[in-house]
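Those protein sequences? They're chains A and D, same order as listed. Per this note's numbering, residue 1 is the first one in the first sequence, and the count goes up by one each step. Per this note's numbering, residue 1 is the first one in the second sequence, and the count goes up by one each step.
Read the hints as simulated data drawn from the structure, not as lab findings. Please note that a few of the clues may not be correct.
To be verified - In silico BS3-like cross-links for lysine-lysine, where the CA-CA straight-line distance does not exceed 30 Å:
(1) Lys123/A x Lys724/D
(2) Lys398/D x Lys121/A
(3) Lys470/D x Lys426/A
(4) Lys523/D x Lys119/A
(5) Lys205/A x Lys473/D
(6) Lys351/D x Lys77/D
(7) Lys469/D x Lys121/A
(8) Lys469/D x Lys123/A
(9) Lys756/D x Lys123/A
(10) Lys209/D x Lys199/A
(11) Lys137/A x Lys724/D
(12) Lys205/A x Lys724/D
(13) Lys123/A x Lys134/D
(14) Lys119/A x Lys460/D
(15) Lys476/D x Lys137/A
(16) Lys351/D x Lys123/A
(17) Lys473/D x Lys460/D
(18) Lys756/D x Lys199/A
(19) Lys692/D x Lys523/D
Here is how the chains run, residue by residue.
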Amino acid sequence: MQLGLTGFASLTWPGIMRLKAASSPQPSQEKTAVIMVWLPGGLSHIDCYDPKPNIGSEYRGPFQTISTVVPDLQLTELLPRHARIADKYTVLRSMHHMSGGHPAGSMTMLSGDPDTRDKSKPKYPDWMSVAAYLRSKQGPRDCPLPNYVGVAPPTEYNGPAYIGNAFLPFAVTGDPNLPNFDVPNIGLSSEAEARRLGKRVALRKQLDLLERSFDKERELQALDEFESQAMTLLTNSKTRDAFDLSKEDPATRDRYGRNRWGQQLLLARRLVEAGVEILTSSLHGPLCGRVQNWDDHAVNHHVFDALRFRADAYDQAVTALIEDIYERGLDKRVLVCVTGEFGRTPKISYDRSTGAGNASAPTGTLQPGRDHWPRAFSNIWAGGGIRTGQVIGATDSRAEDVIERACGPGDFLATIYQHLGIDYSKIYISDLNGRPTPIVDNGRAIRELARGGTA
Amino acid sequence: MNRTRQFSGSGRVFDGHWNASMPRFVFSLMAAWTFLATVAAAGETPSQTSSAPLTFATDIAPILTKTGCNGGNCHAKAGSGQNGFRLSLFGFEADEDYEHIVHEARGRRVSPAAPELSLILLKATNTVPHGGGKRLEVGSASYQRIVDWISQGMLPGQPTDPHLVKLEVQPAQAAMKPHGTQQLKVLGHYSDGSQRDVTELSIFEANDKSMAEANASGLVTTFDLPGNLAVMVRYQGCVSVFNAYIPLGAPVDHLPPAKNFIDEQVFTNLKRIGIPPSPLCDDATYLRRVSIDIAGHLPTVEETEAFLADKSPDKRDQLVETLLGSPGYADYFANKWASLLKNRRDAVSDKAANFAFHFWLRDGLLENKPYDQMVRELLGATGDIASNPPVAWYKRVKEPERQLEDIAQLFLGVRMQCAQCHHHPFERWSQRDYYGFSAFFTQIGRTPTATADEDVIFHKRGIAQAIDKKTQKPVKPMALGGEELQISPDDDPRLYLADWMGDPENPYFAKALVNRYWKHFFKRGLIEPEDDIRETNPPSNPELLNALAKFFVESGYDLKALVRAMTQSQTYQLSSTPNQYNGIDQQNFSRFYPRHLQAEVLLDAVDQATGARSNFPDVPSGTLAISLPDNSYNKSSYFLKVFGRPDATSVCECERVQSSSLAQSLHLLNSDEIRQKLTVNTGRAKSLSEGKQDNPAKIRELYLATLSREPREQEMNIALEYLKEPQLDAAGKPLAQPQAARIAFEDLLWALIDTKEFIFNH
């Protein structure tokens, strides 16, 4: 179905549905999708998902270990709601790589870059741009929403690299919890604006008489299609509704938590339900504490105060998302993963704070912290038809090294690509030098996280 | 017979791990062994085919290439190959491969006693589980040949054996019809004078996949595009080319008179292929086109009126002269080269260096410094950035490997990167060539300065040499295809490189530049990609490319002369409107190929049309986007970023992505930036709405300012009608006249800058 339509009038939802009925590529609401919740800075695995209650206090931290509804799984007391729904997700405790800095760690996790040194710009495209690019090659979609949206996306150390900026996410920034939250380019702010835009487009169509018979390479057609899509985003009430949290049941909004993170993840769920295929959401900002991310060095935060500071909002938002995915029947289609770029040093270190603020003592005060730790860390997975309630892999007694079922960034990416139906071991994308570069180099989909679930 | 070899010791019959399929394997092994034992007992193995002894390098290695075993995604993967079995890429190192196959791991990959039970065959045929699937059919000719080789004792071959010296493709060239086929035959010529048909094991690849495809057995199938096509043929480290031309066969009756050698060559090709060209474009089209391509901006209303009214017969040629003498030319081309030379702002401290480097480029273009001299100044730059700006390139590109790769790709059009780790897959460059080239850059000394990351560059005395990573032996500076140079320790080897590059006999230097500039003006290089010149990627019009290179060298590497020749040619002046035949042509320049305006040019064009200005940090107000010195403005200007301005991280012009996107459309339709430009108080919409001339004159000005032409009657009527319509305010009430007129002109202006005719250079 070609979305290159001639008149502004046919861009209404019924118009699109009529066209959809006429031919049927796989509807976007049936294509698999991924929501990646990103924890920038690195989540402390030993304080959350991989507690070690029996080691010394130089490592352990103050948090009690609690049991969950899954017999073999224990978490810390920071995550009580996680404990209650532990049968709805799987914990992977054996992630491992060697990139210690934020740029390198993020580039390694998100694009599989094996270089452990920090760089100012990513050399390889992140999986989201790759997936958006490959999905866009599958032909026109019937969903007017872009296929790759970021609700507060991670953008600092990742990007489309040589795939090109056309595959950047449609980015929604700001705090969705605010009453005046508005997404630019989604709907117009007033009737008058809509009218004006309509008049302009109609006028432009009358005047746009450039001879089109040269357009064998379809550049003009592509322009038309993008413009149709843009017009739909700007004027179509259905797309506007997808972004409009006031249309959501207030009880659901409460369930996620009436704060930035809760409403971000709720928006994420709405968008995926409406047909977005690749969605990322980074949990950063004031809810993290003074430094606005999870990077709990002692100079930044009192690591334990910071985790306490965030725990409630994090626990509530993430569990709400996971439960919601299952409740609304999205769990077969949508894979959810929650991860940071690495973990945090199990051995607690002490250093002087560089400033007072949330979760941080006044300047000069000695406080505990944890540094970067890529050698072993955890993440959690839900939806995607996977077998939940598992614990994959294990770390040693101090949570310092992986002793069982090591998984690298290549495996992480391969798992996501497999869920999206992308044949990761066979696809190469040429970089700017013309060198065919594999999208996954050294990695296999984690079989415990495959659809249908195997042991 | 050494039957016990397979089960030696540890039971490591597989690749080291005992897994669930072991019992199955053992079973199938027993079954196969029983079968073979029975056959052996029958007295004859089913394997004798040829009588000449088979050797590895000559007979077996090519099979591994054809089946894909030694591709970079499998067993030739960098590092340790795949699952413990390592081969060299495309079999370039046959000796090593022989070792790995026959001797490694106590020879468990081959079974001389029972060749068909060799692990290498069981895996390749997927008789036992193989991650790479089935690469070989049991009983096929290749399979049989490996079996024979094993049963003959796995001869490696002697250094004195006849080796492949050349590949011959038959036919070497042919005329093909659209949707036609041609079966190729490949003959290998050996050093002892013998020949062998190696078609079955050769690898075929068309250089333009939209024109044709070549399948695994050498059958070339064309699609519907007319033009010139090449199919690369590879076998065992040698390459050759099949050249085809696909005539359209239409009658070519009317050709514009050829003005220069470019026209002669292009029209000769068009006659041969049978593609009639479109007629010449009109004056308005030419004015806009050449202003954009040479100087990166639209003509002003006054310039347009003057040009259209001018009656002199050589006004187009004069226009080219004017544009070449304008600062716009220097800005536009400095912008192009700055991004290719990686003038990139990574830190605030880069600002001074970037500006200095950009000025050096721009000044050189303004004064028309010869190209070879500019390259020489860049290559041999010493000192500090303040006194010698081209030194800034060495700040960006620090290692000899990166330096050689950039220089080779940018100025010689040769992509050497592949040869760093292995023999180049499609060309003749070996690792020795790579490191020999890098040796020119090994005597660059650096002393840090007060500015972070900036060094003073000087020539370090010493014998220039690099270590060839493969042989671990030193290699002296070697120009591509040349011999090792003996350079005295007091001489800067970079200057020797500059000498070689500027030598009129250099086969790459001039070609690379003229091809690049050809692509700039004609949208498609004569060699595509423009920085991938190799024997297996021939130009679509070799005579034209050679003529251009010769012209350029003889002019003393005069860039303006080159631009003049291209833009004054009739070929450049052809209309973009296809006739009934040449719509399908994408390669032969029978018409002008329209292209999207580049980000900077588009931004400046929008500003010029609307009468607005963009303000950029660190430069005076009113600076044009094409004059910006480095990539940092992609951060501050969303417009530049979203329309694809490159980030100066690559020497490939492909970093600038010229295709459309949703974000671009949204920006043009609904951004504050566009809105602001349309409504600015000093802008054209306002001045037109308040102007004293009548509506037709105002509409005429709109068209001259945006599309650089007079409005057609139909367009004039539509616009006049629109001006008569009532305009409503936010509340829905009709607006009074001055406001209504202003809104109407803003709408008209917006409509015009959003037409394809504006956004495209046609």
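Now for the hints, and whether the structure bears them out:
1. Simply put, Lys123/A and Lys724/D have alpha-carbon atoms about 55 Å apart, too far for the 30 Å limit, and the pair is violated.
2. Of the pairs offered as hints, the one joining Lys398/D and Lys121/A holds, with about 17 Å between alpha carbons and a cut-off of 30 Å not exceeded.
3. As the CA atoms of Lys470/D and Lys426/A are separated by approximately 29 Å, the hinted pair is consistent with the 30 Å bound.
4. A C-alpha spacing of about 34 Å is found between Lys523/D and Lys119/A, which places the hinted pair above 30 Å, so the restraint is violated.
5. At roughly 68 Å between alpha-carbon atoms, Lys205/A and Lys473/D are farther apart than 30 Å, so this suggested pair is violated.
6. As the CA atoms of Lys351/D and Lys77/D are separated by approximately 41 Å, the hinted pair breaks the 30 Å bound.
7. About 28 Å separates the Cα atoms of Lys469/D and Lys121/A, which keeps this hinted pair within 30 Å; it holds.
8. Only pairs whose Cα atoms come within 30 Å are accepted, and Lys469/D paired with Lys123/A is accepted, the gap being roughly 24 Å.
9. Between the alpha carbons of Lys756/D and Lys123/A the distance comes to roughly 34 Å, so the proposed pair goes past 30 Å and is violated.
10. Pair hint Lys209/D plus Lys199/A does not hold up; C-alpha atoms about 43 Å apart against a cutoff of 30 Å.
11. Proposed proximity of Lys137/A and Lys724/D is contradicted: the alpha carbons are some 45 Å apart, above 30 Å.
12. Restraint check: the Cα-Cα separation between Lys205/A and Lys724/D comes to about 18 Å, which is no more than 30 Å; the hinted pair holds.
13. Only pairs whose Cα atoms come within 30 Å are accepted, and Lys123/A paired with Lys134/D is rejected, the gap being roughly 34 Å.
14. Of the supplied pair hints, the one linking Lys119/A and Lys460/D holds, its CA atoms being roughly 29 Å apart against a limit of 30 Å.
15. Straight-line distance between C-alpha atoms of Lys476/D and Lys137/A comes to about 47 Å, which puts the hinted pair past the 30 Å bound.
16. This hinted pair checks out: Lys351/D and Lys123/A have alpha carbons roughly 23 Å apart, not beyond 30 Å.
17. Of the pairs offered as hints, the one joining Lys473/D and Lys460/D holds, with about 21 Å between alpha carbons and a cut-off of 30 Å not exceeded.
18. Simply put, Lys756/D and Lys199/A have alpha-carbon atoms about 18 Å apart, close enough for the 30 Å limit, and the pair holds.
19. Between the alpha carbons of Lys692/D and Lys523/D the distance comes to roughly 43 Å, so the proposed pair goes past 30 Å and is violated.
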